[in-house]
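Visitor: Those protein sequences? They're chains A and B, same order as listed. 66 is the number that our numbering gives to position 66 of the first sequence; each next residue is one higher, with no gaps. Positions in the second sequence are counted from 1; adding 262 to them yields our numbering.
One or more hints might be untrue.
So the derived label-pair ranges between C-beta atoms look like this [unchecked claim]:
| hint | chain 1 | residue 1 | chain 2 | residue 2 | range |
| --- | --- | --- | --- | --- | --- |
| 1 | A | Ser-160 | B | Asp-298 | 53 to 63 Å |
| 2 | A | Asn-149 | B | Ala-381 | 26 to 36 Å |
| 3 | A | Arg-161 | B | Ala-381 | 57 to 67 Å |
| 4 | B | Glu-508 | A | Arg-161 | 21 to 31 Å |
| 5 | A | Arg-161 | B | Glu-336 | 24 to 34 Å |
| 6 | A | Arg-161 | B | Glu-398 | 30 to 40 Å |
| 7 | A | Leu-141 | B | Gly-326 | 50 to 60 Å |
| 8 | A | Gly-158 | B | Glu-501 | 52 to 62 Å |
| 9 | A | Ser-145 | B | Ile-332 | 55 to 65 Å |
| 10 | A | Ser-160 | B | Gly-388 | 19 to 29 Å |
| 11 | A | Leu-141 | B | Glu-508 | 37 to 47 Å |
| 12 | A | Ser-145 | B | Glu-508 | 18 to 28 Å |
| 13 | B | Asp-300 | A | Leu-94 | 31 to 41 Å |
Hints were generated in silico from the structure; no laboratory data involved. All C-beta atoms in this analysis are idealised placements derived from N, C-alpha and C, irrespective of residue type, glycine included.
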Amino acid sequence: MKSPQDLIRFLLPVAVFAAGLLLWEAIVRAYGIQPYVLPSPLLVLKTLVADWPILSQSLGVTLLTTLEGFVAAAVGGVVLALLFNQSKWLEYSLFPYAVVLQVTPVIAIAPLLLIYLQQQTAVIVCAWIVAFFPVLSNTTLGLSSVDRNLAGLFQLYGASRLQTLLFLKLPAALPYILGGLRIAGGLSLIGAVVAEIAAGSAGAGSGLAFRIAESGYRLNIPRMFAALLLLSLAGIVIYGVLALVSHLLLRRWHESALGKDS
Amino acid sequence: MVESTVPEADASSSAVRLRGVTKTYDSGVMALGPLDLDVKRGEFVSLLGPSGCGKSTALRIIAGLAAPSIGTVELAHHDTERRGSHRIGFVFQEPTLMPWATVRDNVRLPLKLARAPVADAEMRIGAALDQVGLAEFARAYPRELSGGMKMRVSLARALVTDPDILLMDEPFAALDEITRFRLNNDLLSLWRDLHKTVIFVTHSVFESVYLSERVIVMTARPGRIGAEFRITSTEPRGEEFRTSAEYAAFCREVSRALAPSYAGQAGA
Chain A
1 MKSPQDLIRF LLPVAVFAAG LLLWEAIVRA YGIQPYVLPS PLLVLKTLVA
51 DWPILSQSLG VTLLTTLEGF VAAAVGGVVL ALLFNQSKWL EYSLFPYAVV
101 LQVTPVIAIA PLLLIYLQQQ TAVIVCAWIV AFFPVLSNTT LGLSSVDRNL
151 AGLFQLYGAS RLQTLLFLKL PAALPYILGG LRIAGGLSLI GAVVAEIAAG
201 SAGAGSGLAF RIAESGYRLN IPRMFAALLL LSLAGIVIYG VLALVSHLLL
251 RRWHESALGK DS
Chain B
263 MVESTVPEAD ASSSAVRLRG VTKTYDSGVM ALGPLDLDVK RGEFVSLLGP
313 SGCGKSTALR IIAGLAAPSI GTVELAHHDT ERRGSHRIGF VFQEPTLMPW
363 ATVRDNVRLP LKLARAPVAD AEMRIGAALD QVGLAEFARA YPRELSGGMK
413 MRVSLARALV TDPDILLMDE PFAALDEITR FRLNNDLLSL WRDLHKTVIF
463 VTHSVFESVY LSERVIVMTA RPGRIGAEFR ITSTEPRGEE FRTSAEYAAF
513 CREVSRALAP SYAGQAGA
């Protein structure tokens with residue numbers, strides 16, 4: 001927040017948000033809308049505080065699932081891309097299936113997974129399915145966009161495959177990998193939520209998305225909103241953390257991180 | 263500081279010998295040759311020609327980065343057992359640095375790939391950075407350097423392996439004139455001090471005459487040797503030489519020999 005310009009850019013969306021809340025509150029009061037149709041923002045906040053014990057526990061469950069799915073997607077995506085990069089045959093054999101997995105809506109796959117896998121495993125697999133593809137495709141792109149002359153230099157100096165991978169391809173691909181991870185963070189949350197909702201309709205569950213589904217059946221709309229609010233906040237925090245990590249790793253050398261601290 | 267590995271008796275023998283080298287692309291286009299070329303140890307030779315005449319291809323073939331379609335390439339024996347020594351140093355048209363690594367780590371690359379002993383490597387990196395005048399910038403990242411300084415890093419990386427042969431592919435083409443003149447002079451003094459064999463690819467008549475002992479003018483695609491000039495000067499190379507009548511006369515002669523290579527090209 002250095003220049004007035006920055007201040008305005010920060011204040012404008014905040015002002016819009018506040019105005020929206022005020023309008024919402026006013027409409028609910030003016031028309032006497034019942035909480036089970038549309039709760040006022042104030043009531044949502046009260047519910048969030050009152051139900052915090054149960055909601056925070058659910059938040060923990062969902063975040064853990066998201067994290068597990070994200071880690072699986074990050075490791076799976078990068079490792080698969082590395083294998084593809086080392087063997088064209090492997091890439092030709094498997095890449096179409098990665099695409100199929102990506103384009104099939106996860107909401108349609110989730111009920112099937114719940115039949116064959118334990119619920120907790122199924123939820124993590126869902127998060128993985130949604131999140132691994134951007135990591136895979138970005139890493140693949142990064143590994144193959146190495147400067148041709150730099151590759152020639154490694155060849156000239158007799159670099160081994162492992163040396164070329166470690167000292168040339170991986171560092172060159174890092175900005176792409178981080179871009180993929182940033183997308184995967186949000187997607188693994190979506191995957192976890194979708195799977196929880198699918199599982200929720202089948203019975204057991206304890207994550208935030210399950211709370212939303214459950215509150216819906218009980219017409220506890222304020223709690224639905226409170227849980228939704230927490231999910232949004234979780235998504236924002238995940239994105240922020242990954243963007244920060246990316247910035248810290250790239251700030252010394254990559255174009256995308258320039259101009260922010262220089 | 264740097265010892266010459268070339269014994270006096272061998273000083274006149276060939277460092278590079280090409281016989282009947284051609285390069286034909288998969289598309290069937292013949293890019294180069296047939297080319298016969300002998301470069302003596304310690305000689306400074308320029309390959310001068312229009313874009314697309316295959317001079318860069320010739321350089322890549324000498325470096326082993328590309329294989330000739332026909333013909334043979336012989337390089338003088340590299341007589342050192344020192345880890346991280348390399349027969350060839352290559353400088354590309356672009357600086358070709360790793361943006362994620364500091365100047366020092368960029369120069370270290372050839373030694374790291376050869377697993378040279380660390381203490382020895384540090385000493386050699388320091389010496390190479392001194393040679394190109396960048397000792398103070400060892401910890402900088404490439405993006406913090408000017409175009410000329412990046413080129414110096416690239417040169418230091420080529421020199422750090424103490425190569426016998428320095429191959430340079432239009433290294434200063436993208437630089438402004440003042441910077442190019444300074445790097446020309448620095449390259450000449452490095453060449454005099456280090457006794458390297460230099461093969462310098464350029465499309466600038468002035469640069470080739472200024473730097474070289476011998477200028478080889480190449481024809482348009484497929485590139486062959488069109489003419490050869492031995493550049494002898496009574497005065498040492500420097501700003502004096504650059505403005506002398508002698509230099510102007512050489513440039514005129516070389517330009518005249520180069521003209522047919524551009525004949526038939528649009529805009530020539």
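Visitor: Next step is simple, just say for each hint if it's right about the structure.
Guide: Results for each hint:
no., hint, result
1, Ser-160(A) x Asp-298(B): 53 to 63 Å, "violated, 35 Å"
2, Asn-149(A) x Ala-381(B): 26 to 36 Å, "holds, 30 Å"
3, Arg-161(A) x Ala-381(B): 57 to 67 Å, "violated, 28 Å"
4, Glu-508(B) x Arg-161(A): 21 to 31 Å, "violated, 52 Å"
5, Arg-161(A) x Glu-336(B): 24 to 34 Å, "holds, 29 Å"
6, Arg-161(A) x Glu-398(B): 30 to 40 Å, "holds, 36 Å"
7, Leu-141(A) x Gly-326(B): 50 to 60 Å, "violated, 29 Å"
8, Gly-158(A) x Glu-501(B): 52 to 62 Å, "violated, 41 Å"
9, Ser-145(A) x Ile-332(B): 55 to 65 Å, "violated, 33 Å"
10, Ser-160(A) x Gly-388(B): 19 to 29 Å, "holds, 27 Å"
11, Leu-141(A) x Glu-508(B): 37 to 47 Å, "violated, 54 Å"
12, Ser-145(A) x Glu-508(B): 18 to 28 Å, "violated, 48 Å"
13, Asp-300(B) x Leu-94(A): 31 to 41 Å, "violated, 52 Å"
Hint violations for this structure: numbers 1, 3, 4, 7, 8, 9, 11, 12, 13, all remaining hints satisfied.
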